[in-house]
Amino acid sequence: MGSLKEVRSSIEEAYKKKLDRPRIIVGLGTCGMAAGGTKVMAAIETEVEKLGLDVDLDFTSCIGMCYAEPVVEMGLPGAASVVYGGVYPEDVAQLIESHMVNKTPVTDKAEIQISAGGATYEGIPVMEKSPYYEKQVRSVTSRLGRTNPERIEDYIATGGYAGLEKALTMEPQEIINQVKISGLRGRGGGGFPTGTKWQFVADAVGDKKYIVCNADEGDPGAFMDRSVLEGDPHAIMEGMMIAGYAIGANEGVIYCRAEYPLAIKRLNMAIAVAEEMGILGDNIMGTDFNFKLRIKAGAGAFVCGEETALLNSIEGKRGMPRVRPPFPAHKGLWQKPTCLNNVETFANIPFIVRNGGDWYASMGTEKSKGSKVFCLTGKINNTGLAEVPMGITLREVVFNIAGGIADGKKFKAVQSGGPSGGCLPAEQLDLPIDYDSLISGGAMMGSGGLVVMDEGTCMVDVAKFFLNFTQLESCGKCTPCREGTKRLLEILERICDGLGVPEDIDTLERLAKTIKTSALCALGQTAPNPVLTTLRYFRNEYEAHINEKRCPAGVCPELLTYAIVEDKCVGCGVCIKACPVGAITGEKKAAHTIDASKCVKCGACVPKCKFDAIVQA
Amino acid sequence: MAICKCTGEQVESPQDVQLMELLEHYREYDGALIPVLQGAQDIYGYLPGEVLETISKELKIPFSEVFGVVTFYSQFHLKPRGRNIIRVCLGTACHVRGGSKIFEGLKEILGVDNGGTTEDLRFTLESVACIGACGLAPVIMINDDTHGRLTNDGLDKILEQYE
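Those sequence lines, one after another, are chains A and B.
With the UniProt record's numbering applied, the first sequence corresponds to residues 1 to 617, in that order.
With the UniProt record's numbering applied, the second sequence corresponds to residues 1 to 163, in that order.
Treat the hints as calculated values from the structure; they're not laboratory data.
Bear in mind the structure is a predicted one, so any value in this text is a computation, not a measurement.
Glycine included, each C-beta is placed from N, C-alpha and C at the ideal position.
A hint or two may mislead.
Straight-line Cα separation of at most 20 angstroms, SDA-like style, residue types lysine to any residue; simulated pairs [said to hold, decoys possible]:
| id | chain 1 | residue 1 | chain 2 | residue 2 |
| --- | --- | --- | --- | --- |
| 1 | A | 516 | A | 478 |
| 2 | A | 39 | B | 159 |
| 3 | B | 107 | A | 602 |
| 4 | A | 39 | B | 75 |
| 5 | A | 265 | B | 75 |
| 6 | A | 608 | B | 154 |
| 7 | A | 103 | A | 116 |
| 8 | A | 317 | B | 26 |
Example chain A residues on the side facing chain B (calculated, C-beta under 7 angstroms, incomplete) [to be verified]:
| id | residue |
| --- | --- |
| 9 | 66 |
| 10 | 410 |
| 11 | 429 |
Chain B on its own, in the form it takes in the complex (with noise of 0.2 angstroms):
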């Protein structure tokens, strides 16, 4: 829920809609939190603190046992991430084809560390132990699409594709 600025009162966003008929959906679901979890943070790009608290209320789950969920996966992020989210594989075929190389010249253009944002919000930038593409390996995940058998040289050019 977010206060209005004008008038004080609370309103409630798109988002939050969406958040509550997720809510109403996983209702009497065997084990909702992690589905619940999952589809809060693509509502909302990540899970801020205010969801974390309403999914508790209305799961009756106790927040520290939801945040204790969302600090032990590593797919759930309690800060805003880029629009553009980058998975740099760092698996043994990655590793032993030169995945870190690919890692540090993508840190390098983009002026980030591990983990780390833009400050544009255009792209995240994070390290994966393996995404199963070895057999091209060495490969990186940008959003949903995966590009592999990668050299330095042509990471700028992969980059343009996402706004």
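Extracted from the complex, chain A is given alone in its bound form (with noise of 0.2 angstroms):
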């Protein structure tokens, strides 16, 4: 292929007048083929065959609400698309009737809808002013959900690849600069400024360069990479042409999890269809730039997201991170000059070439630019996928977006940036959400996961349960970590099992202290924070643990107890068939009592209580 331009516009063409035809898109990424998306095809599938329907059948992605996958969103020429959750098999035939022949929306159904300049239908929220997208600035996930992640047609007819196309016509030390400008820190967590290390690898002197994509999203509550790689692979493949380019490199390799097939599936066929229209491989539009890229899948270890473990992974070694300095902008992949960035961090990068670095800096904060995308998960109304802008308080993201606690029980915590992360309280949610404050407050950014707990949260077996984790997959090479996030562990099972004594809580201060100065990567340095914090914010629960042997939220098996409230009892004698070791006893018509020494504190009895006389305590 000559020039893009040529093309851009047929394609952009093909691409309009398909918004001019009635189309249903279900979302199939990952989490809405496990809310049972592909079922929902099937079943529109049959639908529209059996009605003889004229209708564009397409998929997408994940567009971010994960709470109401799986979606469906329908349209109809001249007006807005209307986006439905919790779109089941059986709701099928009736939403195609209602919206696809007779017109008319079912607005208890849906979400959002979108409008591409067409008239709006009253009663359903437009997108931009709806509570979940409201506050949010799309960018990186402005594909999510709109394009198919399959067609190459559909990147390009979005202004995709008019990044690069711009790149090549600049200079390489000016796109180096309008990172710089732009302020873009990575993205993976660690927040050093992009601009800077694309200098480093520039500047360094090596008859070969590399690009390596950082795909190994490894933190338990995080996703975005995921989503982005499912539904936007080309968005990274272009930032890593751009930063190819910029660096004087022509070899890319994106390291991605194994647990994302469908992931790695997508890339390939991404990476397969540049390579047929020329995009990709040599004289790459029609210049002298040439690049290929290739995808590793991991094998399993969560260490490998540590820039130099990752490293060794692809050169076919054990994931064990190396000594820094020298660094891999200077000695990295073959030992040669690499520039290593996240996925968010790359699919930045086109956005920034297009409307230049000064666009992505007015958004923000002083010293955290841009915008950035979180994974919202655990007791909250709304699960998903939300980008927005730099320096937004954590307050804004749990009750605005998110829709705030479910179950109307009450907030507790918010457990930012993954096992290396930390839990913050109520006290701090008015703290604005960028890599400095949430340094400051003792927790970090990481690469983006909210995990919010509520009142049913213990916030030592919290601490217990990233300690396992760090524990299991600490790689064993450098003693602090190895040894010690073990040891810390013993402690912190201790406590939850009542055995605590009240100088651990010393014992865990000064050894997550020692960890944290003298582990060799950031896998064991950022290992003891989730102790740190729950110890800062919540010593209250470990004194309780340890000193009342009480569990105040009520998780810790040993420390419950189980009674029965002798008004509420009305001696019906289910709680008695439930028990497995005979610890209830009573007459028939009269109070119950459990015997709490033989009582496992399994639970069983508590919901088969209908009259809610057992409390654990």
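Could you fit the two chains together into a complex? Lean on the hints.
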């Protein structure tokens, strides 16, 4: 292909025509499929065929409203398209009849409507004004749920590869300058200025340089990289190609978690079609720039998210971190200068090149520019993916976008930054979300997972959960991480089992600080964070476990006791049958009792009692 | 290579042929070991000792290094596995939404522990740190299918779909 300009206008025209046709689009990201999206798709196909409708059927990725999955969008020419949530196969016939045949949207199933300049329907929130999207700014996520990720035409028609086209007319140094002006910082969590990193690699001496994309998103509670990989694979490739041109590399590797099979499939498809069209390969768009790209699937090791461990893994070795310096910018993959960035960082690049660094820097705070994609999970009403400007407060995210705490319970903490992050309490809800504020609060940005916890979560148990994770995932190369996290975990387990002693708190603190300063890589250096922040904000829970042998949230089984409230018990005997060890006794129609010495605290009796007579304390 | 019980000769199974093709493809490739091990595991379902020896010899990588890599990564397996692999997510989002109860439930239904395979080789059960479908927690993955928003009551029905 000579220039993309020649084909772009015809692709754009075809895309516009597509929007002038009646269409039904099903969200088929991993989350959509998990909620049953494929079955909904099949039901739609059957129904459309049965009615003989002239309708385009298509699929897209995750629009971000995971709470509403399975999601189906229906659109008619000249009108806004309506996104329906919670659509199951049994709803399909009625939805199609009402929306596609009678042209009347089903308001009570509609989540939002997306206007493309046409008329809008009454009674359905417009996307930009709906509670979930109102405070969001969608750039990296702008194509998610809007285009078919398996078709390069959709990508090009929505401005794709225009950034690369523009970059190829610029001087490499000018691109690096724009990235510097943008203020973009590494979205993997470290927050190192991207432009500065690029400059290091560009200035490094080497006959061969590499671009590596870290798509080994392993933080429990974070899935933004998966969503972008599945929903907009070309954007990552475009970002990597621009990086390659800017720093003088002609080879790139995407290191993707093997747990993301759909992402790997769509990336493979995207690479193949881009090569076919001359966007990837030799003499890209008729210039002298060559770039080839391959995918390396991970093999299951959390530590491979650490940059030097990731490089070892690509080289076919055990994924253990290397001592730095030398940094990858100077000696990375195969000892050559390597520019290693995260998925979301690369996905931002085409927008920055197209719109200029100043445009990007106009969003966010002084030291954290632009937008950041967060994954909202845990005990909230609206779980999903949200792209917000840096500097927005935790409160706005939890209570406005995520819709507050589920089941009418009380907010307790928000866990940010995965196992390396920390738990922030209600007092910190007005903290602006940016790299430096989160660190000052004791947590960190991490890749962007926000797990919200309610009053039913035990913070000692949460710390134990994370330590169990990091202890299992420690590669074992350095002693502080290998032995230290194990000892931390042992102490936490003892406390949860009711065997804690008052000295434990001091030991935990001392050990945590030692590991933080002496571990080899970021995994070990940040592993104690969950312990340190829970001790900082929820010390009273540790004290209750140790001194009063009580778990205030009612989670740690060894510290629970069950009792029957005499006034409420009618003596029906259901709990006696439910108890597997015969700890409950009592005459018919008289209040029963639980023998604490026999009770194994399985809790089987609680849901069986229709009178809420069994309490745990 | 298998040894024929009747003649005592070495015979090549169709899987061995596939392995040789795989090795041929990756011979000149930088960092071939992990992709080859992944491919070999796809072919055999797990990584038998003889296969590791063949890989070591063909790629000219010391056996100790091959074994070191296999035991480092959680996705490589040295023992036969079930036809269907159940991965129970125990990530943070699933943890706070009761993922461990699902895990306990599956252990009870299948009668195996973490990493265990049922006697009829129908299922292997294992826990994973995060599948990345946190919005639908608690979640499990069977082979490449993800099942979300689970409750213990629905588990039997899901398992029925897998032979």
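How the hints compare with the structure:
1. For the hint linking residue 516(A) to residue 478(A), the alpha-carbon distance of about 12 angstroms falls within 20 angstroms, and the restraint holds.
2. The suggested pairing of residue 39(A) with residue 159(B) holds, with an alpha-carbon distance near 17 angstroms, which does not exceed 20 angstroms.
3. For the given pair, residue 107(B) sits about 16 angstroms from residue 602(A) by alpha-carbon distance, which is consistent with the 20 angstroms threshold.
4. At most 20 angstroms may separate the alpha-carbon atoms for a hinted pair to count; residue 39(A) and residue 75(B) exceed this at roughly 29 angstroms.
5. The straight-line distance between the Cα atoms of residue 265(A) and residue 75(B) is roughly 18 angstroms, inside the 20 angstroms bound, and the hint therefore holds.
6. At roughly 19 angstroms between alpha-carbon atoms, residue 608(A) and residue 154(B) fall within 20 angstroms of each other, so this suggested pair holds.
7. This hinted pair checks out: residue 103(A) and residue 116(A) have alpha carbons roughly 17 angstroms apart, not beyond 20 angstroms.
8. For a cut-off of 20 angstroms, the pair hint linking residue 317(A) to residue 26(B) stands: about 16 angstroms separates their Cα positions.
9. Given the 7 angstroms rule on beta carbons, the hint for residue 66(A) holds: about 2 angstroms separates it from the nearest Cβ of chain B.
10. Given the 7 angstroms rule on beta carbons, the hint for residue 410(A) is violated: about 14 angstroms separates it from the nearest Cβ of chain B.
11. A cut of 7 angstroms between beta carbons decides the hint on residue 429(A): the least distance to chain B is about 18 angstroms, and the hint is violated.
Checked against the numbered hints listed earlier, the structure breaks hints 4, 10 and 11; every other hint is satisfied.
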